[in-house]
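Asker: Residue strings, one per chain:
Protein chains: 2
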Amino acid sequence: MSHCESLFPRRRTRTVRVASVLIGSDHPVSVQSMITAPAENVEAAVAQIVRLADAGAQLVRLAVPTPAAAKALRAVCDRSPVPLVADIHFNARLALAAMEAGAAKIRINPGNIPVADDLYRVIDEAGRRGTAIRIGVNSGSVMPRDRDDARQHAPQEIARRMVDAARSYLDLFERRSFRDIVLSLKGSDVPTTVWAYRHMAEACDYPLHLGITAAGPREEAVLKSAAGLGALLAEGLGDTLRISITGDPVNEVHVGRRLLEVMGLAPLAGVEIISCPTCGRCEVDLTSLAEKLYEATRSIRKPLRVAVMGCVVNGPGEAREADLGVAAGRGFGVFFRHGQTTGEKIPQDQLFERTFDEIRRLTAS
Amino acid sequence: MSHCESLFPRRRTRTVRVASVLIGSDHPVSVQSMITAPAENVEAAVAQIVRLADAGAQLVRLAVPTPAAAKALRAVCDRSPVPLVADIHFNARLALAAMEAGAAKIRINPGNIPVADDLYRVIDEAGRRGTAIRIGVNSGSVMPRDRDDARQHAPQEIARRMVDAARSYLDLFERRSFRDIVLSLKGSDVPTTVWAYRHMAEACDYPLHLGITAAGPREEAVLKSAAGLGALLAEGLGDTLRISITGDPVNEVHVGRRLLEVMGLAPLAGVEIISCPTCGRCEVDLTSLAEKLYEATRSIRKPLRVAVMGCVVNGPGEAREADLGVAAGRGFGVFFRHGQTTGEKIPQDQLFERTFDEIRRLTAS
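Sequence order for the protein chains is A and B. So for the first sequence, the working numbering puts the first residue at 1; every next one is plus one. So for the second sequence, the working numbering puts the first residue at 1001; every next one is plus one.
Derived from the structure by calculation, the hints contain no laboratory data. Nothing false has been slipped in among the hints.
Just the calculated beta-carbon pair ranges, DEER-fashion: (1) 67(A) / 1339(B): 28 to 34 angstroms; (2) 164(A) / 1090(B): 54 to 60 angstroms; (3) 164(A) / 1301(B): 35 to 41 angstroms; (4) 1339(B) / 164(A): 26 to 32 angstroms.
Chain A regions said to be covered by chain B (calculated; three or more residues, Cβ under 8 angstroms): (5) 186-193; (6) 216-224; (7) 251-259; (8) 262-275; (9) 289-300.
All of these numbers come straight from a predicted model, not from anything done at the bench. We treat Cβ as the ideally placed atom computed from N, Cα and C, and that holds for glycine.
Please model the complete structure; the sequences and the hints are all you need to start from.
Answerer: Shown next as structure tokens:
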């Protein structure tokens, strides 16, 4: 086990193979996302999957809501650079068709496949093919329908119901000797989610897929997901994860990857922008420079630490651990490396472009 | 203890009074921030404090780096709507002057007040006045100076040094029978911070002030702070907190407040924007509508849940727990409340303005 992985010792799990990706405590926590394009639009679906894979997604999920989608899935699988997970609801035949088409894993909520024989057919076929299954129980599926009743239910009670549902499904899978299972128990709020995973972790050794179902505006989704998943990862729980964010799913991958990095569960794999809190000494618009560099460098996949400092005097010293520093002064800025400035004065209006160029140069392969 | 507070049972602490604000496990977790204006600019300092208090800050900190700042502090304290915390470095006389000027709490790192008699004078004066003291040990103050050496030090080792330093300072305070102490052990990364607080929590019953020192661009700071502080709060640790973000400190207060809400540690006190993940059914730019409403409503201090849904068919049903819903369809949108649409079709180009107006109407006092 690497140094990184031991900072928050992980709960021991069995390993589940999803084609080339191994999920479980002996392997790095993997990042997933989901495309929004329909499978039938093969070109659009493949293009989105490639973008997610380029951003760092190790697994990509897509909805398979119709026989036409299941049929199109084969062409998508053939061209995907990463294993695909088919999201199936209500229909065992779609699950069988998705496996036939090449899905490396299927995600089902057994609660919406009510006939046991249908479910067993899916399980047995997955067993024959070596296809993994994620059992996904969301809080929505165990919530009372009545709004006032729902508000009275404490997260702990909803979490208990989710775990009870998951355990009853596990019984069905284990009766068929199927154990290539990943479990998710996503709530739409942090306490429900944290308690559901905590209790589930005690009841089995299956790997856990973490997530919070409520997407939301970007900052809200980042805050809620980082708080909930940060809590679980710090307790050693979680073997794969998806961050749900309204909008372009590439953001989900960037945030998921970065969450693992900040938890010390993955090495830095992109550009980290460090910036000092602004203070009275700040002479230029440091915030805007830091924000622009942050957005512009998110897709770079080479590790680099960049410090953006608001003062030419203390900046170089304070940021001596950065690979590249930029200190912004009155009317100009300077670069520094390892605590030493390069000497060149860069006019303020060129500072973003010049810094970005320097970052690209340092991260070019 | 309220329902909210019991979702993640808090570690038992003693209570520390900071003027009207009580810090400890018998009281809600409080939100702090820090102004960037110098105390000498009394008008600017007071204006910034008022903005932070309006946003929900219960305590506000400001730097007191010079005798002139300490002198100006009295006028700032007189006009502040919330208790003020004076940030003191290196100079015991500034700590005495800040207390004299009316600071309700002072924050010091005893490691940079090396003469024990100077420190004792500060402690004894605080005891006489009933002024609380935050002992703040940051990872930077225990890090090896050499860069390569620093990189070899695991977060666990840095955390241990921070706790050892804090414990040795506590000995000095307790020798003077002073116990109105709040402790902070902020690292610049999540693992260091989490381990420092975990170990400190076992060693004393003082309230903990949570934070991660590395500010950064807004999303980076939100992610890192939510992950680290979410982990600690879910373990019951933390009695007051500050989120550090490069830029306007009002953001720090919004994010801090919202973090407590999503952890179930504070009731909803503003507008929550819920939005569905976009999918093939999305017919308008849902992401942009959700983002604009999120930014526009951040300063509202009345609780309201607003669901922004991308489809007119399922939206109302899926968002029936929201106080106000808006479903966006092709060319127009509809409002709905409690799962029922109001019937009116709102042209797409008016949708943001009309929704924002409705939110203001519903949150007007």
